[in-house]
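Chemist: Sequence:
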Amino acid sequence: MPLPLSYPGLKCVLENLEAVKRQELLHHLPSIRTINSLFPYTIEFVRIMPNSIKINKKLWVFGLNHPMTATIFDSDSGKHTPILRVNKSTDEAIEKFFNVYLKNGSNIQDFDLYDVPKFLYETDRSDGLKLNISRIWMKASLNTKFDYFTRYINLDKLEFIYLTFTQSSEGEFRMLTKPVIINCKGLDLVISASRSLINYYTGLRNQSLVLYDDNFQVNELRLLIENWKTSDRPIGTSFCLYSSIYDTNEVINSLDLQDTFPVEIPRDSTDYPGIGIKIDYNRDLVLYHGKHPIEDSALSVSTHLDLFLSEIRIVVPGLPKFSIPINNESRIRVYAIEDPEEDGRWKIVIKPVSGS
20 MPLPLSYPGL
30 KCVLENLEAV
40 KRQELLHHLP
50 SIRTINSLFP
60 YTIEFVRIMP
70 NSIKINKKLW
80 VFGLNHPMTA
90 TIFDSDSGKH
100 TPILRVNKST
110 DEAIEKFFNV
120 YLKNGSNIQD
130 FDLYDVPKFL
140 YETDRSDGLK
150 LNISRIWMKA
160 SLNTKFDYFT
170 RYINLDKLEF
180 IYLTFTQSSE
190 GEFRMLTKPV
200 IINCKGLDLV
210 ISASRSLINY
220 YTGLRNQSLV
230 LYDDNFQVNE
240 LRLLIENWKT
250 SDRPIGTSFC
260 LYSSIYDTNE
270 VINSLDLQDT
280 FPVEIPRDST
290 DYPGIGIKID
300 YNRDLVLYHG
310 KHPIEDSALS
320 VSTHLDLFLS
330 EIRIVVPGLP
340 KFSIPINNES
350 RIRVYAIEDP
360 EEDGRWKIVI
370 KPVSGS
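The sequence shown: position 109 = 128 (the working numbering), numbered continuously.
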């Protein structure tokens, strides 16, 4: 006769079981509901819309054809259930699902926030509900509703926000003044504004800021550079501009920057030429034209301007830089750089790199 699982064993099983399958298990083993309630869920994907909620590969749609009904879609099989009668309104049904899956301490990798459920902004449950969300995808039109939703986010765990502006209105632009937007580690903005938003951009303190904006002007980039030169932003801070209209090489050339020096930015097996501007003893401001790794494969090969703060990396005009092949997959790169810790003396750098 098999022995029952110990507490540590059952805890391990529940915490590593996919969220929907774990909930289905409770229907077959109601005796474990008490211990199950002690452990939050770990969920890869959540999407909340006005009449639906998606947990990983399962989508529940409420009131699609008639009130008090539900349909369940399975992304893996492509199948859906017949229309089911439920004894709850759409708001009540979404609240129930939220309470089941998104309990206090739940870990969520990606949260696609199309809407904030009514019960979250009509009442304050933040004392007993904090969600560990890594990445949020949303529209700026949420505006005030997002203020309510942030009460339920463990901001120390939030790493990235993808924010889309659809109306380009003043109400949407105010999203850029919210502390959670300003200070999030990574921020992607998709925006098309008829006026300059440079005063908003200079107020952002994200470690990585990516801007998709075909209306971003050369003068705005110049103002952003001047702002960064006088800021206390740490080494590693970066700004990336995507535009389908401008030739980014022409943008760099038209800036007509003064007191610059040539640099090379290593990315994978490629070195991108750039422009360096000294800020202080430890920091350079670097501007270059290259490629940026992003989720969308259609955009991953797009050119961009990358403005970032780095440790000093200077290419010496006239000094040789060469590579020594090791095999078909790697080589040794040799070049000289200025070493600020040695009173500006030059030192030889030898490092293995990939690529032919």
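One or more of the hints may lead you astray.
[Claimed, not checked] With a straight-line Cα cutoff of 16 Å, these simulated EDC-like cross-link-like pairs (lysine to aspartate or glutamate) come out:
1) K73 / E34
2) K164 / E178
3) K77 / E43
4) K297 / E269
5) K137 / D166
6) K122 / E34
7) K164 / D134
8) K122 / D95
9) K137 / E114
10) K297 / D251
11) K176 / E191
12) K122 / D93
13) K76 / D93
14) K297 / E283
15) K158 / D134
16) K248 / D299
17) K76 / E43
18) K122 / D146
19) K77 / D93
20) K176 / D129
21) K77 / D143
If you're looking for bench data, these hints aren't it; they were derived computationally from the structure.
Chemist: All hints are to be evaluated individually against the structure, with a verdict given for each.
Modeler: Structure-based check of each hint:
The hinted pair formed by K73 and E34 fails the criterion: a straight-line CA distance of about 20 Å is larger than 16 Å. A threshold of 16 Å between alpha carbons decides the hint, and for K164 with E178 the separation of about 20 Å lies outside it, so the pair is violated. Between K77 and E43 the alpha-carbon distance is near 12 Å, which keeps this suggested pair within the 16 Å criterion. A hinted pair counts as satisfied when its Cα atoms are at most 16 Å apart, and K297 with E269 does not qualify at roughly 22 Å.
Restraint check for K137 and D166: satisfied, since their Cα atoms lie roughly 13 Å apart, inside the 16 Å limit. A hinted pair counts as satisfied when its Cα atoms are at most 16 Å apart, and K122 with E34 qualifies at roughly 13 Å. With a C-alpha separation of about 8 Å, the suggested pair K164 and D134 falls inside the 16 Å cut-off, and the hint holds. Under the criterion of a C-alpha separation no larger than 16 Å, the hint pairing K122 with D95 is inconsistent with the structure, at around 25 Å.
With a C-alpha separation of about 9 Å, the suggested pair K137 and E114 falls inside the 16 Å cut-off, and the hint holds. Between the alpha carbons of K297 and D251 the distance comes to roughly 13 Å, so the proposed pair stays at or under 16 Å and holds. As the CA atoms of K176 and E191 are separated by approximately 25 Å, the hinted pair breaks the 16 Å bound. A hinted pair counts as satisfied when its Cα atoms are at most 16 Å apart, and K122 with D93 does not qualify at roughly 23 Å.
Taken as a hint, the K76 and D93 pair is honoured in the structure, with Cα atoms around 6 Å apart against an allowance of 16 Å. Between K297 and E283 the CA atoms are separated by roughly 15 Å; this keeps the pair inside 16 Å, and the hint holds. With a CA separation close to 9 Å, the supplied pair K158 and D134 stays within the 16 Å bound. Distance hint between K248 and D299 is fulfilled; the C-alpha atoms sit about 9 Å from each other, no more than 16 Å.
Distance hint between K76 and E43 is fulfilled; the C-alpha atoms sit about 14 Å from each other, no more than 16 Å. Distance hint between K122 and D146 is fulfilled; the C-alpha atoms sit about 12 Å from each other, no more than 16 Å. The hinted pair formed by K77 and D93 meets the criterion: a straight-line CA distance of about 5 Å does not exceed 16 Å. Pair hint K176 plus D129 holds up; C-alpha atoms about 12 Å apart against a cutoff of 16 Å.
The straight-line distance between the Cα atoms of K77 and D143 is roughly 28 Å, outside the 16 Å bound, and the hint therefore fails.
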